[in-house]
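Novice: Next come the chains, spelled out residue by residue.
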Amino acid sequence: MSHFLAPVFEVGFFESDAVRTAVIVGAAVAVVAGALGVFTVMRGQSFAAEAFGDIGTSGGSGAFLIGAAPLVGFLVFGVLAAGAMELVGIQRARGRDLATGIALGAALGLAALFMYLDSTIHNTTGVVVTILFGSIFEIAGSTIPLVAALAAAVVAVLLVIHRPLLLSTVSPEIAGARGVPVRIVGATYLLALAAAVALCALTIGSILSTALLIGPAAAALRATRRPGRAVLLAAALGVAAMWLGIVLAYDSYYWPPRGNGWPVSFFVVTIVFVVYLLSGVPAWRERRRAHAATARRAFADDRGTPHRATAG
Amino acid sequence: MSPAARAGSAEEILAVEHIHVQLGAHMVLDDVSFAIRAGEFTGLIGANGAGKTTLFRVVLGLTPASGGAVRVAGGARSRRNPLIGYVPQKFLLDPDMPLRARDLVALGIDAHRFGIARPSRARRERAEQMLAAVDALEFAERRVGLLSGGEQQRVLIAHALIGRPRLLLADEPLANLDLRSAEEVVALLARIAREQRIAVLISAHEINPLLPVMDRVVYLAAGRAVSGSADEVVRSDVLSRLYGHHVDVLHVHGRVIVVAGAGEDLAGHELRFPEAESGA
Chain A
1 MSHFLAPVFE VGFFESDAVR TAVIVGAAVA VVAGALGVFT VMRGQSFAAE
51 AFGDIGTSGG SGAFLIGAAP LVGFLVFGVL AAGAMELVGI QRARGRDLAT
101 GIALGAALGL AALFMYLDST IHNTTGVVVT ILFGSIFEIA GSTIPLVAAL
151 AAAVVAVLLV IHRPLLLSTV SPEIAGARGV PVRIVGATYL LALAAAVALC
201 ALTIGSILST ALLIGPAAAA LRATRRPGRA VLLAAALGVA AMWLGIVLAY
251 DSYYWPPRGN GWPVSFFVVT IVFVVYLLSG VPAWRERRRA HAATARRAFA
301 DDRGTPHRAT AG
Chain B
313 MSPAARAGSA EEILAVEHIH VQLGAHMVLD DVSFAIRAGE FTGLIGANGA
363 GKTTLFRVVL GLTPASGGAV RVAGGARSRR NPLIGYVPQK FLLDPDMPLR
413 ARDLVALGID AHRFGIARPS RARRERAEQM LAAVDALEFA ERRVGLLSGG
463 EQQRVLIAHA LIGRPRLLLA DEPLANLDLR SAEEVVALLA RIAREQRIAV
513 LISAHEINPL LPVMDRVVYL AAGRAVSGSA DEVVRSDVLS RLYGHHVDVL
563 HVHGRVIVVA GAGEDLAGHE LRFPEAESGA
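Here the protein sequences come in this chain order: A and B.
As numbered in our numbering, the first sequence has no gaps in its residue numbers, which increase by one up to the final residue, 312.
As numbered in our numbering, the second sequence has no gaps in its residue numbers, which increase by one up to the final residue, 592.
Hint data in this document are derived by calculation from the structure and do not stem from the laboratory.
Where is the CB? At the ideal position from N, CA and C, for every residue including glycine.
Incorrect hints may appear among the rest.
Unchecked claim - Label-pair distances were calculated between CB atoms; the ranges are:
#1 B:Lys-402 / A:Glu-10: 52 to 60 Å
#2 A:His-291 / B:Ala-434: 29 to 37 Å
#3 B:Glu-453 / A:Ala-236: 17 to 25 Å
#4 B:Val-568 / A:Trp-284: 42 to 50 Å
#5 B:Glu-453 / A:Leu-278: 22 to 30 Å
#6 B:His-332 / A:Trp-284: 50 to 58 Å
Work out the full structure: start from the sequences and follow the hints.
Specialist: In structure tokens:
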């Protein structure tokens, strides 16, 4: 078996502690991102996720400046941003993109300052790459409990609110009429989203974080018609992309330029992109079938054939 | 037996009593009163801006009334009232939404609750029954976002009915539907009212599609309302009093045409054909 797979898994892959951490953390993050991402795509809020990524960039670089873990910075800034978004009512009015865009610009400006200070004070540019593009092989052991707690919390919150959240996503009017506290459910989801983006930023970087959140979810939405399956499929696709990305990144150590591995985030994002493209095929087929069914019914109507019992 | 006589002995399901809604200086609803009974099919007719959606929101408890009361099946109306089923206006789902018609109907059972639902055979069977009741079995497995407007309306009606309400509110369910689909939806709602003894209240800006099945009409203009049978309400003298100026009611080939005075924003709104309506 190991001999058979030798070309895939380079020497030392299964012995490395860094790889083991990456595989476990990467899977946990991909599951959280996939599950939450399904709701993000359904609610048309990928822009909010992107905003959390941008704001997280300043959070992560600011945290490094004061000697805290980048994940803490991603999380604190993301949660603050979620609060601000809820205050300005970003979920209710989509015409606020101008104000949001300007605020995001300011957040990235702050990130520019923090990263400049990070790299001059600590005399290293590595931190910039770590914040922006992630460093799953260099996750500090002390961060792992926080990762586990965050991932568990997001999944738990989603389990509690998933039914009212789905109903409010389908129709806020129906949900409101049935007594769902639509605004509280939406705000809770936004907080969970901020936490999920922070986890993504830790693994593949703040500016690529939405790729892991949105990509597998968007592909799953196109491939299945059922909400529960979409969540499971998105999580599975995310884990597959993450693990394959880790394997390829490990292998790439022996690729040119030899001795310098390629970044994991490049592989993960590229795999996600390819999966999304492939998911267009079943979606296209389903739409074609739907159009054909509509045309068949119209044809039956034209001929006056009763294709179903008409009430009367 | 006339529809009014048949419904006369039935239980009163919705009582709207002297409802006032004021937004700023504008009186959106001005002393609106009417009652509907079990098994009755009632049309809430009015032009855009007449206050139909506001009235629905008051009945649903989403908009507070400045005065008056709403009672549902004899009790004070409360939020999260399981006695009311609701079909909102303008329902547009993304075609990519991973939700089959069957799933949307099942969401009507208990999707407002927190926590995890255990899938059960009883739930599946209940959804199946409701899909059958609205003739939606044929497209039960398809994505809701890929269904036509009329098909989506039927699925939404099933979603609203699966919780066994006594009162069904449908806000402009005929907007954006072609004539044939609109007729099918009206016939379906009328059948539900009769067979399940549910009070059905639907709003529309066009009265003609509802005339054949309507037991009662609530006519809304500039925030005020009159109600009664169509013969009692859709008359020149009654509507002139409601609008506050002269209104002609013409009967042409079994259709009713209401012509409000020239220069009114309401003028001739019933003259347009339903398929040309924007429903906004």
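Novice: Could you run down the list of hints and mark each one as holding or not?
Specialist: Outcome of the hint check:
no., hint, in the structure
1, B:Lys-402 / A:Glu-10: 52 to 60 Å, "holds, 57 Å"
2, A:His-291 / B:Ala-434: 29 to 37 Å, "holds, 35 Å"
3, B:Glu-453 / A:Ala-236: 17 to 25 Å, "holds, 23 Å"
4, B:Val-568 / A:Trp-284: 42 to 50 Å, "holds, 47 Å"
5, B:Glu-453 / A:Leu-278: 22 to 30 Å, "holds, 23 Å"
6, B:His-332 / A:Trp-284: 50 to 58 Å, "holds, 54 Å"
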